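Enquirer: Sequence:
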Amino acid sequence: MTTVEAHKETLGFQTEVRQLLKLMIHSLYSNKEICLRELISNASDAADKLRFEALADDAMFEGDSSLKIRISQDKAARTITISDNGIGMSRQEVIEHIGTIAKSGTRQFFDALSGDQAKDANLIGQFGVGFYSAFIVADKVTLITRRAGLTAEHGVRWESAGEGDYTLETVEKAGRGTDVILHLREGEDDLLDSWRIKSIIKKYSDHITLPILMQKEEWDADKQENSITEEDETVNRASALWARPKSEVTAEEYEEFYKHVAHDFEAPLAYTHSKVEGKQEYTQLLYIPARAPFDLWDREVRHGIKLYVRRVFIMDDAEQLMPRYLRFVRGVIDSNDLPLNVSREILQHSKDIDSIRAGSVKKVLGLLDDLAENDKEKYAKFWGEFGKAIKEGVGEDHANKERIAKLLRFASTHADTAEQSVSFADYIGRMKEGQDKIYYVTADSFAAAKNSPHLEIFRKKGIEVLLLSERVDEWMLSHLTEFNGKTLQSVAKGELDLGKLEDEAEKQEQEKEAGEFKALIEQVKEVLGDKVKEVRITHRLTSSPACLVADAHDLGGNLARMLKSMGQEAPQTQPILEINPHHPLVQKLKGEAGSERFGDWSHILFDQALLAEGGQLDDPTAFVQRLNGLLLAMAGS
Numbered sequence: 001m002t003t004v005e006a007h008k009e010t011l012g013f014q015t016e017v018r019q020l021l022k023l024m025i026h027s028l029y030s031n032k033e034i035c036l037r038e039l040i041s042n043a044s045d046a047a048d049k050l051r052f053e054a055l056a057d058d059a060m061f062e063g064d065s066s067l068k069i070r071i072s073q074d075k076a077a078r079t080i081t082i083s084d085n086g087i088g089m090s091r092q093e094v095i096e097h098i099g100t101i102a103k104s105g106t107r108q109f110f111d112a113l114s115g116d117q118a119k120d121a122n123l124i125g126q127f128g129v130g131f132y133s134a135f136i137v138a139d140k141v142t143l144i145t146r147r148a149g150l151t152a153e154h155g156v157r158w159e160s161a162g163e164g165d166y167t168l169e170t171v172e173k174a175g176r177g178t179d180v181i182l183h184l185r186e187g188e189d190d191l192l193d194s195w196r197i198k199s200i201i202k203k204y205s206d207h208i209t210l211p212i213l214m215q216k217e218e219w220d221a222d223k224q225e226n227s228i229t230e231e232d233e234t235v236n237r238a239s240a241l242w243a244r245p246k247s248e249v250t251a252e253e254y255e256e257f258y259k260h261v262a263h264d265f266e267a268p269l270a271y272t273h274s275k276v277e278g279k280q281e282y283t284q285l286l287y288i289p290a291r292a293p294f295d296l297w298d299r300e301v302r303h304g305i306k307l308y309v310r311r312v313f314i315m316d317d318a319e320q321l322m323p324r325y326l327r328f329v330r331g332v333i334d335s336n337d338l339p340l341n342v343s344r345e346i347l348q349h350s351k352d353i354d355s356i357r358a359g360s361v362k363k364v365l366g367l368l369d370d371l372a373e374n375d376k377e378k379y380a381k382f383w384g385e386f387g388k389a390i391k392e393g394v395g396e397d398h399a400n401k402e403r404i405a406k407l408l409r410f411a412s413t414h415a416d417t418a419e420q421s422v423s424f425a426d427y428i429g430r431m432k433e434g435q436d437k438i439y440y441v442t443a444d445s446f447a448a449a450k451n452s453p454h455l456e457i458f459r460k461k462g463i464e465v466l467l468l469s470e471r472v473d474e475w476m477l478s479h480l481t482e483f484n485g486k487t488l489q490s491v492a493k494g495e496l497d498l499g500k501l502e503d504e505a506e507k508q509e510q511e512k513e514a515g516e517f518k519a520l521i522e523q524v525k526e527v528l529g530d531k532v533k534e535v536r537i538t539h540r541l542t543s544s545p546a547c548l549v550a551d552a553h554d555l556g557g558n559l560a561r562m563l564k565s566m567g568q569e570a571p572q573t574q575p576i577l578e579i580n581p582h583h584p585l586v587q588k589l590k591g592e593a594g595s596e597r598f599g600d601w602s603h604i605l606f607d608q609a610l611l612a613e614g615g616q617l618d619d620p621t622a623f624v625q626r627l628n629g630l631l632l633a634m635a636g637s
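Anchor point for the sequence shown: position 519 equals 519 in full-length UniProt numbering, and the numbering is continuous, going up by one each time.
Treat the hints as calculated values from the structure; they're not laboratory data. Here the structure is a predicted model, which means the values were calculated and not measured. From the three backbone atoms N, C-alpha and C, an ideal C-beta is built for every residue, glycine too. Please note: incorrect hints may appear among the correct ones.
Each pair of labels, with its calculated beta carbon distance range [stated by the list, open to error]:
id : residue 1 : residue 2 : range
1  : 151       : 311       : 50 to 58 Å
2  : 96        : 161       : 16 to 24 Å
3  : 355       : 495       : 22 to 30 Å
4  : 58        : 234       : 23 to 31 Å
5  : 375       : 488       : 21 to 29 Å
6  : 373       : 171       : 56 to 64 Å
7  : 193       : 336       : 21 to 29 Å
8  : 373       : 530       : 47 to 55 Å
9  : 419       : 96        : 39 to 47 Å
10 : 234       : 93        : 37 to 45 Å
11 : 433       : 495       : 17 to 25 Å
12 : 378       : 161       : 41 to 49 Å
Listed next, the in silico DSBU-like pairs over lysine-lysine satisfying Cα-Cα at most 30 Å (straight line) [claimed, not checked]:
id : residue 1 : residue 2
13 : 376       : 246
14 : 68        : 203
15 : 493       : 279
16 : 406       : 507
17 : 203       : 378
18 : 388       : 378
19 : 203       : 437
20 : 460       : 378
21 : 432       : 450
22 : 246       : 275
23 : 351       : 49
24 : 362       : 406
25 : 507       : 381
26 : 216       : 203
27 : 432       : 401
28 : 486       : 525
29 : 401       : 460
30 : 432       : 525
31 : 381       : 406
32 : 507       : 533
33 : 362       : 486
34 : 493       : 406
35 : 378       : 486
36 : 378       : 401
All chains, full assembly: derive it from the sequences and hints.
Expert: Written out as structure tokens, the structure reads:
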């Protein structure tokens with residue numbers, strides 16, 4: 001229900017926002033400092049956005065380009081006000097950013113909640129719902145804002161008690177920007193203490209590049225207490241952390257800066273800070289998060305690198321500075337050489353940007369190299385969160401393909417667990433004498449890969465096989481055919497050639513069996529027709545009766561099914577059926593040659609092999625009928 005009264009209306013929150021407010025008020029009460037930290041971070045972002053828009057239109061500054069954040073307290077009214085002169089919001093933007101789910105990310109936020117208060121508090125900034133943390137300490141929040149570029153009469157007053165609704169009112173606001181007024185709950189009086197506020201700012205927001213101002217306090221000897229003066233003081237250091245020498249920045253300061261730029265309450269997994277000098281000069285401070293953001297798999301989402309030029313903010317989420325497979329990297333790049341009027345179009349066609357991007361990618365890969373070599377536990381955590389994204393880099397970043405390949409980790413038959421901990425170097429170090437290929441199998445799940453019949457001869461001979469079961473693996477392998485001179489070979493494609501791993505006696509036995517079963521193979525091929533390209537004796541099975549393999553240059557069955565599931569056209573190819581001459585079912589098939597049951601046995605073998613590799617039957621009913629007929633016949637019915 002909406003009530004309009006002199007430009008004032010009452011609107012209801014969306015259901016998810018109501019849930020979020022309830023969580024803030026009742027579940028995260030012990031995390032009071034969150035609200036100031038988030039509101040200051042939001043104010044800083046608003047200033048960055050104004051700087052960016054002012055690049056194209058200097059009038060956005062309205063004659064005041066000195067950006068700042070001001071925090072004031074009113075002990076009598078029991079309020080704290082966080083003010084900024086950043087970009088501000090229009091009436092519609094207030095509705096979109098605060099009243100509805102469209103921009104807040106609350107739906108994903110609730111999907112990620114674990115029930116653990118500390119962990120759930122860490123999600124607040126990451127999901128862009130930090131504004132609502134104000135209700136942890138306030139029983140009413142008032143927001144007064146005006147967007148830069150609009151006139152004074154376009155101010156907006158938003159107010160809510162954090163329950164089911166909020167009010168919107170058009171007001172006069174002389175200055176652009178936003179004031180957030182917290183009406184404190186009973187028991188929150190410690191936040192009216194200036195020293196307490198200053199300590200929170202120094203702890204969490206010292207790195208903010210804008211000055212955070214508060215009224216200075218001086219000791220009043222007559223009253224024997226501190227008195228607020230009219231003079232302002234800057235509470236934070238207000239200097240670009242990345243521009244300071246590494247020796248002057250503590251680990252805690254690096255972590256707090258990360259939490260600001262990434263809107264993440266968890267410390268980063270690793271970071272790198274360096275200054276590049278020479279033909280081009282720029283500073284980079286890049287972070288790897290401890291866990292994947294909720295939108296990591298949205299490849300169209302904006303990236304996490306902020307671009308500065310001589311410490312002046314130019315652009316948020318500069319996608320030109322980091323490739324998509326490294327979209328999880330957060331941080332800042334500050335160049336001394338780019339023109340201040342740099343725009344998105346210039347970025348897309350700038351050799352300088354290409355050079356900065358290349359240097360930044362190498363720095364991130366170097367950081368990952370170091371983790372992989374010197375901190376295997378951290379790297380295992382990284383791989384669990386971001387491994388699939390790194391695999392995309394094999395095909396996207398040809399210049400660094402070999403370096404990325406060294407970072408890859410896989411499950412394998414060496415451990416037979418789903419943990420992806422085996423590198424190519426590990427695999428090569430365990431290769432059998434005379435082995436010249438890296439063997440792998442792909443499937444749509446780890447269990448299917450681990451239990452693939454194609455592995456039987458490899459297990460018998462103790463040859464390690466990589467077990468690949470992620471969708472990105474098939475795409476990655478189309479761009480990665482060898483590593484350190486060793487060819488990558490699918491165990492389910494082409495003729496099985498174990499080279500020096502087979503002795504002469506085995507090869508002679510295989511040739512003998514092929515001759516003995518030649519007639520049977522021809523009959524099976526005739527029965528199956530165009531279902532198969534070829535039927536042949538297998539050398540890769542030891543306990544299964546049959547398997548399907550793809551011809552050396554054909555699309556593998558797993559990739560074909562994957563393309564089909566995504567609605568894409570896959571080339572029509574027929575698999576090769578390989579039968580195990582030592583298996584009792586194949587012996588039974590041989591004995592049925594010429595009988596009326598021979599066709600049923602042949603089709604059953606093919607269908608079983610198709611099911612074993614994760615395929616789907618074209619005609620399940622016919623399969624069941626054939627199987628039932630054979631079971632009844634064997635039972636003597």
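Enquirer: Given the hint that residue 388 pairs with residue 378, test it: the Cα-Cα distance must not exceed 30 Å.
Expert: The given pair, whose Cα atoms are some 16 Å apart, holds under the 30 Å limit.
Enquirer: Can you confirm whether the C-alpha distance between residue 432 and residue 401 stays at or below 30 Å?
Expert: Roughly 26 Å separates the two Cα atoms, so the pair holds.
Enquirer: Between residue 373 and residue 530, does the C-beta distance stay in 47 to 55 Å?
Expert: This hint holds: roughly 52 Å between Cβ atoms.
Enquirer: Need the status of pair residue 362, residue 406: alpha-carbon distance at most 30 Å?
Expert: holds (14 Å)
Enquirer: Between residue 362 and residue 486, does the CA-CA distance stay at or below 30 Å?
Expert: Answer holds: residue 362 to residue 486 is near 25 Å, not above 30 Å.
Enquirer: Would the hint linking residue 493 and residue 406 be met if the CA-CA limit is 30 Å?
Expert: Holds, at roughly 24 Å.
Enquirer: Is it true that residue 151 and residue 311 lie within 50 to 58 Å of each other by Cβ?
Expert: Because 32 Å falls outside the window, the suggested range is violated.
Enquirer: Holds or violated: residue 376 with residue 246, Cα cutoff 30 Å?
Expert: Status holds; Cα separation ~25 Å.
Enquirer: Quick check: does the Cβ-Cβ distance between residue 58 and residue 234 fall within 23 to 31 Å?
Expert: holds (26 Å)
Enquirer: Residue 378 and residue 486 were given as a pair; does the straight-line alpha-carbon distance stay at or below 30 Å?
Expert: holds (28 Å)
Enquirer: Falls inside 22 to 30 Å, the C-beta gap from residue 355 to residue 495?
Expert: Cβ of residue 355 to Cβ of residue 495: about 47 Å, so the range 22 to 30 Å is violated.
Enquirer: Given the range 37 to 45 Å, decide if the beta-carbon distance of residue 234 to residue 93 lies inside it.
Expert: violated (29 Å)
When the structure is compared with the earlier hints, violations turn up for hints 1, 3, 7, 10, 15, 16, 19, 20, 25, 28, 29, 30 and for no others.
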